[in-house]
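Visitor: As a plain string of letters, each chain reads:
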Amino acid sequence: MAIGTLAPPMNAAAGPAFAEERSRVWRKLLRNPAAIAGALVLLVIVGAAVFAPYVAPHEPTRQSLIRRFTPPVWTAGGKPGYVLGTDQVGRDILSRMIHGARVSLLVGVAAVAVSLVVGVTLGLLSGFLRGRVDTVIMTVVDVTLSFPQLLLALAFVAALGPSLLTIIMVLGLTGWERYTRVVRAEVLALREKDFVEAARAIGASPARTLLRHLLPNTFSSIIVMSTLQVAQAILQEAALSFLGVGTGSAYPTWGQMISLGRDFVTVAWWLPTFPGLAILLTVLSINLVGDRLRDALDPRTS
Amino acid sequence: MLSLVARRLARLVVVLAGVSLVTFAILQVSGDPIALMMPEAPEADRAALRQSMGFNDPLAVQFARFVGNIVRGDFGQSFFHREAALPIVLARMPTTLLLTVFAMGLSLALAIPIGIMSAVRRNTAFDHTATLVVFLGTSMPVFWTGIMLILLFAVHFRVLPVSGWESWAALVLPAITLATFSTPLLLRIVRSSMLEVIGLDYVRTARAKGVSEWFVICRHALTNAALPLVTVAGLQFGLLLGGAIITETVFAVPGLGRLIVGAIRQLDFPIVQAGVFVLALIVVLVNFTVDMLYLYLNPQIRVR
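Sequence lines, in order, name chains A and B.
First residue of the first sequence: 19, per my numbering; consecutive thereafter.
First residue of the second sequence: 1291, per my numbering; consecutive thereafter.
Hints in this document: simulated from the structure, not taken from any laboratory.
Take these hints with a grain of salt, some might be off.
[Claimed, not checked] To be clear about the criterion: a stretch of chain A counts as covered by chain B if any three or more of its residues have a C-beta under 8 Å from a C-beta of chain B, and this derived list gives those stretches:
no.: 1; stretch: 120-127
no.: 2; stretch: 148-161
no.: 3; stretch: 252-263
Even glycine gets a Cβ: it sits at the ideal position worked out from N, Cα and C.
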């Protein structure tokens, strides 16, 4: 496979050419209606999450026994003010979903940040130093790949005790191997290129070569991968919450809402349905944006 | 070729050692296992048990003992059932494998023809629809898909059982749920690997010879697209097992996934460790087989 053609050597110092490249990426993104729709939906969800206390019509934890199982407003028995209905203890579904967006987005982004730091560092070292370091790192990658990620996360979150920080760290530390593999492959291909050779020839230190010349050239793959991984992390967090090893607090999350709603699915279909749609919409939007970002950043499709 | 196999075997052993280390770590990070084993016992009894079970030994010694026990198939006693953990885990294995294999078969039966059609009719309405379905499928949480299927078929239409494992009908919804998770991933690979070979010279040559279109696709294009498909299908197997864990929980299927999830709630770590290790072992063996298959299918390596 011609890995060398994946990323064009693009030097951060190349001024006008770089700006031109960037505007080309933007133009390609803006031409795609699916990506724009995805970005707009994401914007709304992020906005709702950030301003949750102001946007949500009700307190997410306020219960009311007389309002139990209120169906959505457009069905028979629906009450205005409770657009998506209420749950088994009368809490407003929409308000809980808006607050739940905070957990999903926070965990998604933070877990990917952890994976990114670990994965990219190991990938750079593996590809640049090669030899024994490479063998050790790639063995660790193989071991990580041997476990279903969800299972490993499940076991470790349970063992460490569920909390928001535990979920972020465990998802981050079980999901880094993808970055390592891709960054390593790119560094292996790039290190033989003339511009790296030239940097070495004029006396650049290994650290400078690595950080100033090799790392920036892996950015486009890293950006695409990170975007798509945020979607995966959101799905994983929801699955952990669903399986009962969530954040360990009363604060609503989408996965936990679906898990509780499952028991009432025969009497109140809206309980698990809407939080699931929220996950679907969020993950789909991120996937659409990420996919188009890949096309836009890939010079072969221009 | 033979040295290649030997090298892969050596790698297999190293990876399994790593897998044991991670499995070992699960209990280590949980804090005090003795407190979990005997929550009501006085501290003096706990200390005695801790000493006799070797929890005071250096970690390296404990790990060596753990590996020694694994090799003999001993994962310790379940805290909850008070029986050896491994037999409990193995008893649940067939159910999970049946579900996984069934779902994988369903996935392949859908993904291969649809993926080929998508590639052959690139950029048509068919292809766009398939791409849309792929996006939807990869964005749905597995457990939610399952609940929605329950809502539709078991609550609304009342044609299939909601949960349980009493008849073959009970297998239908879990298998479909798991397949909605894995089909999009495979479909994507079939389509892209077909697209890669379909424009190549030898395919054009075959067409120029006057061979029928379907023969060209099946005999010439598909055999070459099979290589990445096999690799990815192998790599996806771990993902599929992860999906099986959730699916079993949704549908109350008495398989390994449900056992592990239950054990995690009870903090029954020997069962968790045995389950995690067995599933990882399956993934490792599947990937090893795929590797070997790859060597066999790839003529460039085979002749050497």
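Visitor: Decide, hint by hint, whether the structure agrees.
Guide: Against the structure, the hints:
As drawn, the stretch 120-127 of chain A meets chain B at 0 residues by the rule of a beta-carbon pair under 8 Å; below three, the given contact is violated. Residues of the stretch 148-161 of chain A with a Cβ under 8 Å from some Cβ of chain B number 4, which satisfies the need for three, so the listed coverage holds. Counting residues of the stretch 252-263 of chain A whose beta carbon lies closer than 8 Å to any beta carbon of chain B gives 7, which meets the minimum of three for the stated coverage.
The structure fails hint 1 only (numbered hints given earlier).
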